[in-house]
Amino acid sequence: MKRRNFLKACLIGGTTIAMGKTNKGWASGSFEGYPESMGVLVDTTRCIGCRSCEAACNKEQKLPEPDTSFDDKSVFEEPRRPTAKAYTVVNQYEKEKPGGPVYRKVQCNHCNEPACLTSCFVNAYTKTKEGAVIYNSKVCVGCRNCMIACPFNVPGYDYESVTNPVIKKCILCYDTRLKVGKPPACVDICPQEALTFGHRADLIKIAHERIRSNPDRYLDHVYGEKEVGGTSWLYLSGTEFDKIGFDPSLSNDPIISNVKDFLGMVPMVLSIWPALFSGIHLLSKHESGGEGHDTESKEEEP
Amino acid sequence: MKNMIKHGLAVVDSPYDESGKKRTVVQKLLLGLSPSQYLLQAFRNPFNWILAAIFAIGIPILLGRFVFGLAWATSGSNDYPWGLFLGFGLFAMVPLSSSGFQLGTACEIFGRHDLEPIERLALLNGLLGYFFAVVYLLADLGQPWRLPYPMVVSFGPAAVLFLVAWHVATYLSVQVAEVSTAFFEWIGFPAGKRGVRRITLGLTVSGIILSTLHQGALGALFTYAPGKVHPLWYSSSFQWLHFFVSSLPGGLCMVITVSTIAYKFMGWRTDRRFKEALDRCTVTLAKGACMGIATYITIKLIGIAHDNKWSYLDSGWGQWFMLEIIVGFMLPLVLMTYGVHTRKMGVIRLGAFATVFGVVLNRVNTAIITFNWKLPEREIPPWREVVISLTIFAIYIVVYRFILYRLPILYKWRQQEEEVTVTEAVTAPAAGHREASPVAVASYSKMTKLD
Ligand code: SF4
Ligand code: SF4
Ligand code: SF4
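Chains as they are written, first to last, in our numbering: chain A, 46 to 347; chain B, 307 to 757.
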């Protein structure tokens, strides 16, 4: 968490010296990620849209009953997004194409440098060393800033709840499985082996290996390897990524790097403004002959 | 109120009534009227009827929001997490309230004492604007009772919102202190006023710092969402500058707007000093606002050129953008420049209204209208959300008016601090309490010199 600590130092200490020293750690691309990070590789060419992962997630995370059963294929008519009641959804794309429909599972991608985490002002999010991005609903204030920030539109909010509305999203089954070394529920149940669980570094190797040995089947791109600083969930596809609901315009820089211009300015203002304005005050006081406040000025508007 | 003054009622502008007796707080609260007189004047005012109608519908719905939850009151959507409460209430109210720190700076730092007649109005405008921005925020937060969490329970110091929270909170207390001098005068607590005066410089400088940072920070919040806000309203390097710079004319023009309204509808509450200074101050504020707008338009163009976004102008979004820039910024710039040169106050004021409109439109555009512009459907706020936003705004107006009626904001509290000696205490009230009376004027200006 080098970069984050730096930002903290910047904001709290407000010193320009700290800035000069650690500035290198800030430059995009120098962040190495989490060596022990786990992840999931999603092979969209294998997914058949059975929605068993949705059902497994619902059970594992003790989510409320869905509106329609998990066998109902009519949900595919409209693209859906994860909500507070469904941490993962499977969408159907390219129905009309001869190659048949393509399905894609959507859930939190567990970014290496999560925008949700960096935008939350009560630090509700944590990136664990296993790579999961989890959250502490006990401190969430409900500002929904993390929803604004997440580049994948993932966190869902419990708008219906009156007394305890909080942010909800996939936590990579951290509490019940990941922590004890077990694969997430959705991965476990997948009948097609469309989901592969493992070390993120290994998954990237596997993904490239699949592309290499089957160049006709896959596009030469692993979505999530570099996007917004890399994510723990990685995707392989045979169709253009923007056709299956991915945002191709996301840059490889983590979201926080967009904010750095402003964050860098903060210590400057903190250190320069007081001196500057007190100085101006002294000057102007001298010029006007030491006139105090609350006295009528003799000067007329020019 | 106007009628009553015509019928010989004295306005409360000093701690003593006509007979030289000290006024009680209740008397001051009732503006020197008897309770029945007070009700009568409130009843006669048609504006109060409109407010009553808004409250009759709005207050139950506002309460309902806390009983039935956000989903009941707002569109509550996962794709548009921020609706009117924040888009209008927070993002538009805050720039319109930058007046406090600007006039504070002009008067206290740059020594522009000629602006003092309007300084208190600007400070109050700042305080109330921020306060109600927080009220809107409370209505919007899922768990409003956890608002102090970022202060005491759990810190996320790397988040821009953390800055906003801290700065708005500290700045609110700075503003409370700044406005408190008027309050101390009114309740008759000179020691308090002196205490605050002594730290004015510190307060003002911290005001500048906090304002620069959080006005900018509100803009920087959107840099977390590159690609979500339409590129014409988004600039990763300049977003905070755009927000900060446009807040400057926004705040100044809001003061012109409020002072115009106060002058028109609260003439009895203003004093000679305010009336005489108003046009001159308005011109000065307008000049400042023009500088701000010109800078804003320039950096906005730089922002577009920097990321080479010209092609977006040739689209529906581009037209909407041009409308905002032309009606909300260029037109007022022309109007106010023309007005300043020809000393046409009406034109200046029109320009100021347009600027306020422009700043509000800009914030609403950034936070709601162009947000998630790539998604197929736009979200129309449901009626309950509109009603609640309107109700909170009506409460804002009522509180604003309540304070302007009473505290020495638009007029000078006669008789101050140490100078209050027995003789003066008797002569001052005797010297006249009606503004129109020539005697009062003479003694009034004498009083002014004293403090
Ligand atoms: S996908 Fe969104 S919610 Fe998940 S870690 Fe990344 S930013 Fe956070
Ligand atoms: S909604 Fe909750 S988790 Fe999200 S940024 Fe706000 S406080 Fe943090
Ligand atoms: S990892 Fe766990 S929480 Fe996330 S989608 Fe899969 S089952 Fe649900």
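Among the hints, erroneous ones may be present.
As the list claims (entries may be wrong) - Simulated crosslink set (EDC-like; lysine to aspartate or glutamate; CA at most 20 angstroms straight-line):
1. B/K334 <-> B/D319
2. B/K680 <-> A/E238
3. A/K107 <-> A/E123
4. B/K581 <-> B/D420
5. A/K288 <-> B/E683
6. B/K680 <-> A/D292
7. A/K130 <-> B/D385
8. A/K288 <-> A/D306
9. B/K680 <-> A/E123
10. B/K680 <-> A/E285
These are computed hints drawn from the structure, not numbers from a lab.
Results of checking the hints against the structure:
1. B/K334 <-> B/D319: holds, 9 angstroms
2. B/K680 <-> A/E238: violated, 33 angstroms
3. A/K107 <-> A/E123: violated, 25 angstroms
4. B/K581 <-> B/D420: This hinted pair holds, its Cα atoms lying about 13 angstroms apart.
5. A/K288 <-> B/E683: holds, 19 angstroms
6. B/K680 <-> A/D292: holds, 10 angstroms
7. A/K130 <-> B/D385: holds, 15 angstroms
8. A/K288 <-> A/D306: violated, 33 angstroms
9. B/K680 <-> A/E123: The hint holds at about 16 angstroms.
10. B/K680 <-> A/E285: Holds, at about 18 angstroms.
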